[in-house]
Structure formats: C-alpha cells, structure tokens
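Chemist: Protein chains in written order, with my numbering: chain Z, 1 to 169; chain P, 1 to 134.
Check the hints yourself; a few may be wrong.
[What the hints assert, rightly or not] Which residues of chain Z face chain P? A few of them, derived with a C-beta cut under 8 Å, are:
hint	residue
1	R12
2	L17
3	R18
4	D25
5	A29
6	D32
7	A58
8	F59
9	V61
10	P62
[Said to hold, decoys possible] In the PhoX-like style, the derived pairs of lysine-lysine whose C-alpha atoms are separated by at most 20 Å in a straight line are:
hint	chain 1	residue 1	chain 2	residue 2
11	P	K78	P	K58
12	P	K58	Z	K144
13	Z	K42	P	K58
[As the list claims (entries may be wrong)] Estimated spans, in silico, between C-beta atoms of each pair:
hint	chain 1	residue 1	chain 2	residue 2	range
14	Z	E34	P	R134	54 to 60 Å
15	Z	D32	P	D96	22 to 28 Å
16	P	S115	Z	A138	18 to 24 Å
In short, the hints are calculated from the structure, not lab data. Glycine residues also receive a C-beta, built at the ideal position from the N, C-alpha and C atoms.
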Amino acid sequence: MGTKTGGNGGARDPALLRRLLRAKDRMDAASDEEWPVSRLAKVSGVSQAHFARSFKHAFGVPPHRYLLTRRIERAKALLRDTSLPIVDIAFQTGWNSLGTFGRIFRDITGESPSELRSRERGASHDLAQVPHCFVSAAHRPNLKIAVSEKRRRESPDNGIAASDETEVA
Amino acid sequence: MSQGVGVAGIYVRDQDEALAFYVDKLGFGVHTDARNGDYRWLTVQHPDQPGFQLGLFKPQPPSVDEATAATLNQVVAKGAMPPLVLVVADCRAAYDQFSKAGVEFTQEPIERYGSVDSSFRDPSGNGWKLIQAR
C-alpha cells in the first residue's frame, strides 16, 4: 500500500480493469489449467504484486479463489450432464488428486460429488433455451471466504490446518 | 410499419474505437452519427436487421455526471454488463472471420445444445455470445 493508487491496486482505471478482465476471461476459458499469479499478471500486463491486489479489488475475490469456483462449477455441470466417472471429472477440471477434489468439492458445495450427481439426476431441467453463460453463472458457487476458512468454521474441533489452498491475498 | 424495439444501446469507453470495432471488424453499418458539442449519438446496424439499431453510447455529462460516467466505464471494463447475443448462420466461419479481423475471443466455438456457440468481447469489455442459428 502507500502507493499513489491508494492501496486498491489502481483498479479504478477502466483500461487496467479491462486488462484484468482479460485474465479472468482466460481462467474462464481454461479453468482446468494452472493459473499461477505470474501467468495471470502477464496476461494483464501488470506486475505480480500489483495483480493479486488489483484483481481482488476489481472482482471481489482473489484470483485463486475465483479459479476454484469456476472449477467446481464445471465439475458440477459434468456431474449433472454426463456419465463420466468422478475421477475423470476431477482430472478434467484441473485437480491432480481425487482426494483433494472430493474434499474441496464438499467444502464448497456441502455435499460430495456423488451425492450431487444422484440428487441432480432426480431433478428436471429446462435450460436448453438459455444461453450457456447464464446457465453456468446460475450454478457457480458463491465463495465469499477462503475454502480453508470455510472448512475451519464448519469443523470447530478439526485442528488440522488446511494446506490445499495457496491463496493469494 | 412494423412495431417493436428500435434502439438498444451499450456503453463504450471510446466511440471512435467502438465504431471501428463494430463496423470494420464485425461488419455492422453506421445508421446515425450525429454530434452536438461533446455529445455524439452513434448507432450501428446489422446488415440483415434494418429495423434495429445498436447504440454505442459514451457515458458522459449531461446524461450522467462525471463520477457516474467513471463508474459506468469501470462496470463495463469489468465485464459486468449483461452479455449480448449475435446470431450467425455458421459460428465457426464467423469465428474464423472475426478472429482474423482481430476480435478478442474469450471462448472458441463449442458444439452443445444442438448448436455451436462462441464468445468475444468488444474493446470496452462488453461481452457477446456468438450463436449459430438452429
């Protein structure tokens, strides 16, 4: 902080916001890929230190957490709309281990991938007339706090520190 | 006469830039480009849709105050405005054509729901779905 941007990462400049949006768009297009801050900062043409703060200021969530919500959203869609094995869905949506996927999925959605799949199978959907982006937005988890924090709050007697998430401020 | 929606507008950060994008890259035509001092009423039209004009409006006084104009520019730049839909006969062909013209695509063509769709943004941040007519 203490910069001329007043600590918000300068994220009031439309030109900068437009470049930050480009990084968000790239995560949307390939949420299964790894998106370290260095890569995202390059897309936006800003320094790494500048990027994380500016992104959070612009979009309300840190870039890593945004990526998690997109991965979970996509996993939910694949669970709902395909018969792919859950392990395939985990790898297709960017996780390196089934265990991590299952744990974070439950932390965020409150149910396991297989529970969500069997519940969604019972419901009927009439979304074919709605453009895809609206459908996916409707199913996006609203992740207001870090996954590790969500897990801690929901398991007060669980003293094990969460290490799956390397959140960027 | 035919009744219905005649003009719907989007906010753009720079009208010259927007005009070049919608006309030179997407193939729209200029319908009205009228200036009065700093104010510019600018609408474009899809060649197949003579009854409808898309307004390319710059948020500025006297329509809105300076602070509101700045906020609106930020909202557009964050991609927070609702997406628009451009219907085309062949999504992949349009994707190729627009890509070559320099349009910033955010999603390559995907076949789903019995159609093919893709996404792009204008320079200001307005998002478009490019959907193949069913």
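Chemist: Could you run down the list of hints and mark each one as holding or not?
Modeler: Checked hints:
1. R12: holds, 6 Å
2. L17: holds, 4 Å
3. R18: Since chain P brings a Cβ to about 4 Å from R18/Z, closer than 8 Å, the hint holds.
4. D25: With Cβ-Cβ at 4 Å, under 8 Å, it holds.
5. A29: holds, 5 Å
6. D32: Since chain P brings no Cβ nearer than about 14 Å to D32/Z, farther than 8 Å, the hint is violated.
7. A58: holds, 6 Å
8. F59: holds, 7 Å
9. V61: violated, 13 Å
10. P62: violated, 16 Å
11. K78/P to K58/P: Since the Cα atoms of K78/P and K58/P sit roughly 16 Å apart, the hinted pair holds (cutoff 20 Å).
12. K58/P to K144/Z: The hint is violated at about 33 Å.
13. K42/Z to K58/P: violated, 29 Å
14. E34/Z to R134/P: 54 to 60 Å: Given about 36 Å between the Cβ atoms, the range is violated.
15. D32/Z to D96/P: 22 to 28 Å: holds, 25 Å
16. S115/P to A138/Z: 18 to 24 Å: Taking Cβ atoms as reference, S115/P and A138/Z lie about 19 Å apart, which means the hint holds.
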